[in-house]
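*Asks:* Sequence:
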Amino acid sequence: MSYCFNPNCSKPVNNISNLICEACGAKLLLRDRYQILRFIGQGGFGQTFLAADVSHLHPSLCVIKQLNAKRQNSSMGRKLFQREARILGAIGDNCHIPQLIDYFEEQQQFYLVQDYIYGQNLQQEVTKQGVLDETQTKQVLEELLLILQQVHSHNIIHRDVKPSNIIRRQKDGKLILIDFGMVEEKNSDFTSKNLAEIALSEYSVGTRGYAPPEQLALRPTYASDIYSLGVTAIYLMQGKTPANIGLNPMTGEVMWLKDLDIRDSFAKILLKMLNISVEHRYQSAEEVLHALGQAQ
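All residue numbers for the sequence shown refer to the numbering used here, where the first residue is 701 and numbers rise by one.
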């Protein structure tokens, strides 16, 4: 099947052989190159599609993100979308980040095209295969910390680290960190003040339960990603989302420790990753990697 990329189309599903949408008359080949195959999902910034790049002799799959049509007139929305493309282009040589293929505007719609990553995300993996043990979780943490180390080296805070945004690539088992739509750049002209203005009105500031207090208060740091990674580790070992674990009503801390049988040295590391106070948390991926190395 082929899918119409017109956000106002009443019946977007078409036959694969169609060149024009039967319902709205829009061209089904985006930029004379991309054929959308199916709808993947929708978030605060727009819709995501699976597509085929038919410009090659052997068409390849890719992911296309379309800026939410309702926000086309939002200059800040456009800046955020353009920034995601620029950031992906800057750090795209990292093999653990989706490669940016294309970025363009067509018929007053904005599109970002990335490599399609074959594989399951960690949420799907836990749902289908069960929870991870301590050793497996440490391995995941170490790999993701190396990714965050690279991301942070570009003065970027991801702000939405969670199991569904981490894909285990099928061909080699490597972890891929996706969805850079919510990143914040440190020391950039696109200031936190600007982010605050839009985050409180139109856009999310991360995923509740995975985002630490300072991020929800629009003051994220590199340590914010460390907290989110800590919550991800708990999910991998328990199979429970933060909402299903519960919080200490006095401190706001996630009440996870009593339900896990792990070594004290690893528990101590997780406790510091998940400290509600950002100043008492690990400040960098390097610090956590060092702690994990010392605990082995």
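Mixed in with the good hints, there may be bad ones.
As the list claims (entries may be wrong) - Distance condition first, Cα-Cα at most 20 angstroms in a straight line; then the derived SDA-like pairs of lysine to any residue:
{"no.": "1", "residue 1": "Lys886", "residue 2": "His854"}
{"no.": "2", "residue 1": "Lys838", "residue 2": "Gln938"}
{"no.": "3", "residue 1": "Lys940", "residue 2": "His854"}
{"no.": "4", "residue 1": "Lys940", "residue 2": "Ile962"}
{"no.": "5", "residue 1": "Lys727", "residue 2": "Met701"}
{"no.": "6", "residue 1": "Lys874", "residue 2": "Glu843"}
{"no.": "7", "residue 1": "Lys968", "residue 2": "Val954"}
{"no.": "8", "residue 1": "Lys940", "residue 2": "Val954"}
{"no.": "9", "residue 1": "Lys871", "residue 2": "Leu916"}
{"no.": "10", "residue 1": "Lys838", "residue 2": "Lys727"}
In short, the hints are calculated from the structure, not lab data.
*Asks:* Hints first: check each against the structure and report whether it holds.
*Replies:* Hint check:
Restraint check for Lys886 and His854: satisfied, since their Cα atoms lie roughly 9 angstroms apart, inside the 20 angstroms limit. A threshold of 20 angstroms between alpha carbons decides the hint, and for Lys838 with Gln938 the separation of about 14 angstroms falls inside it, so the pair holds. The suggested pairing of Lys940 with His854 is violated, with an alpha-carbon distance near 32 angstroms, which exceeds 20 angstroms. With a C-alpha separation of about 16 angstroms, the suggested pairing of Lys940 with Ile962 holds against the 20 angstroms cut-off.
Restraint check: the Cα-Cα separation between Lys727 and Met701 comes to about 15 angstroms, which is no more than 20 angstroms; the hinted pair holds. Restraint check: the Cα-Cα separation between Lys874 and Glu843 comes to about 8 angstroms, which is no more than 20 angstroms; the hinted pair holds. Of the pairs offered as hints, the one joining Lys968 and Val954 holds, with about 14 angstroms between alpha carbons and a cut-off of 20 angstroms not exceeded. Taken as a hint, the Lys940 and Val954 pair is honoured in the structure, with Cα atoms around 12 angstroms apart against an allowance of 20 angstroms.
In summary, the hint linking Lys871 to Leu916 is not supported, as the alpha carbons are separated by about 36 angstroms, beyond the 20 angstroms threshold. Taking the CA atoms of Lys838 and Lys727, the gap is near 48 angstroms; set against the 20 angstroms cutoff, the hint is violated.
Of the numbered hints stated above, those contradicted by the structure are hints 3, 9 and 10, listed in ascending order.
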